[in-house]
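Novice: Okay, here's what each chain looks like letter by letter:
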Amino acid sequence: MSFLSMAWRYLRFRWLVSLLTISGVAVGVALVCAVLALRHESERALSRDAGLYDLVAGGKGSPLQLVLSSVYHIDSPTGNLPYADFERFQRDPRILWSAPVGLGDNYAGYRIVGTETQFFDLPDRQAKPFFQFAQGRRFEERFEVVLGSQVAQSTRLEIGDTFFGTHGLVEVPGAEVHRDFPYRVCGILAPTGTAQDRAIFGTLASVWEIHETEDRLHYAIQGSALLEGRQERETTAILIRLKTPGLRLWMADEIRKGTDGIATVPINEILRFQRGIIGPAQKALLTVASAVVGVACLTVLITLHQAAERRRRDIAILRSLGANRREVAVLVFTEGLLLTGAGILLGLLLGHGGLALGAGTFRETTGLLLYPWRMPTLELAALGAIGICGAIASLFPAISCYRRTPIDDLHLTE
Amino acid sequence: MIRLKEVSLRLGNAGRSSSVLFHLPSFEVEAGEAVALTGPSGCGKSTLLNLIAGLRRADQGQVEVAGSDLEKLNSAQLDRHRGMHCGMVFQTFHLLAPFTALENVVIGLRFGARTRSKLKEKATEVLDRVGLGDRIHARPHRLSVGERQRVAIARALVGDASILLADEPTGSLDPETGQEVFHLLREVAEEDRRTLILVTHDPALASKMPRHFDCSGLVRSASTAARKENSPR
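Just so you know, the protein sequences line up as chains D and C, in that order.
In terms of the numbering used here, the first sequence is residues 781 to 1194.
In terms of the numbering used here, the second sequence is residues 152 to 384.
Hints are computed from structural coordinates only; laboratory data are not their basis.
Residues of chain C placed beyond 10 Å of chain D at every Cβ, according to the derived structure:
hint, residue
1, Gly163
2, Gly212
3, Lys269
In silico SDA-like links for lysine to any residue, alpha-carbon gap of 25 Å or less:
hint, chain 1, residue 1, chain 2, residue 2
4, C, Lys271, D, Ser782
5, C, Lys223, D, Asp1188
6, C, Lys223, C, Gly212
Even for Gly, the Cβ is constructed at its ideal location relative to N, Cα and C.
Between the sequences and the hints, there should be enough to build the whole structure, so can you do that?
Specialist: See below:
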């Protein structure tokens, strides 16, 4: 009979205490795993979105707000830029790709993004097309739209289906529905794992037409004749990819000076956001999780110590049968390792299983694609550290058993 | 062969007035012999048994068991020596609660056997020999006290130890079961030509053993012993 099977039998014998100890370790491990995996995955997902574009230009305001609204579709835009600026960028030989973003309406809470057809030519960082069509084709005419994968999945819209946009960037009860301007689905994008999965892409001309018609009506009611003065068309933001990413800061500065708006490097904004806002929250969570792990290791120590105390007689019997000090210490140590190991395994399952269960909701709310079973290096290191803590906690009762003299405990009764 | 010569050992808290001194001038047992250790409570019977098993070390003197001078063995060697040469049976059985009868016996082999092959077969065979062939999968709490002591005897026998050390093996049993267990011990010791040293309070049981060793007087208070040593001869 091996030490492992003997240790296992002792743990099974006092199953309730063992289960509670394992659960304590598992809860700590699950928290650490979930926080670290979530941090890693959200960083990766946020960086993937932000990394697609070298620059984002838009109306004056907060650069972070500009990035969140135009890249992640989760905040209000900062203002508008003249469409002429986009036309100027298109002629700039330093720019590899650019696309306008016109916002204003939503469907079922998903933003309708007015852009140009070259939006779908966006290359990824390996120069391969970033967007793939799962069904259909690009929009060619006004009021034709392409759905992001999540929009298609959530709204169950199919190619050829029509719908009406609602005024505003978020779904609000009672908001004005543009019933005179039905959109028709002409394509559905394959999942990208980015916020683009949560957007509906149509022509910028459609966005202008809806809002200019409304403006015309508005001014007609007011009896004004301002319409003629508002002919300059605008865009909410312009997404830019440079031929040489090294020019980002220089170009951003040039855009700031040459237009009425601002330009920013999205990846820099997101990193600042992560470090400034998300980072401290994650650190606080990690601290709590580490404290839970610490308490769990202490529980392993207390459980094993109490078990060793209760088993003084058994240890003495083993010694009387010929087991030496080292062997009884190894037996107790093995029990500790089994408790810690089982706790770590269960914690991993709970942590990552929880992420797997929540990945769908996370994607729906943030648009970020989580890979819940992926283990970042930091998590592996944390698990190693927890394992070492458990081993150290197991060492104390093992040493205590090593030091005991069997004759002192043989008189003890069950 | 067991030989103890001029063995002395301080018991209790050394240096305190409550400590006592165990002193044994000489004790010898031939291989295959059966000896009963008798005497009143606290006279040192169990201490003598533990010295032979190597569970206690003598402060002075020589303890030779199965060809080894125990005082020259280190802790691990002493444990291994005990596992290989001494099978122990206790008054309160000392079975391990989480394990079945078979596993308790296998654990005896795990630490004491000379070879570690066919442990289960051997343990089953020995349990069958002590009349528990049909109870091998029962845990101790499912066994009667007599059956528990039989498991303990099987555990002591299974490693082919040449010396059986039984500390009041019938002390927790009713007279009838006690007789059965005693006869079983005698029988297996005789059949296998093992040395049997049995501690007992029961004069009737002791009378059935071929040799008695009265342990009375082996233990004295430390102060009395010191006075005796210092007194002029």
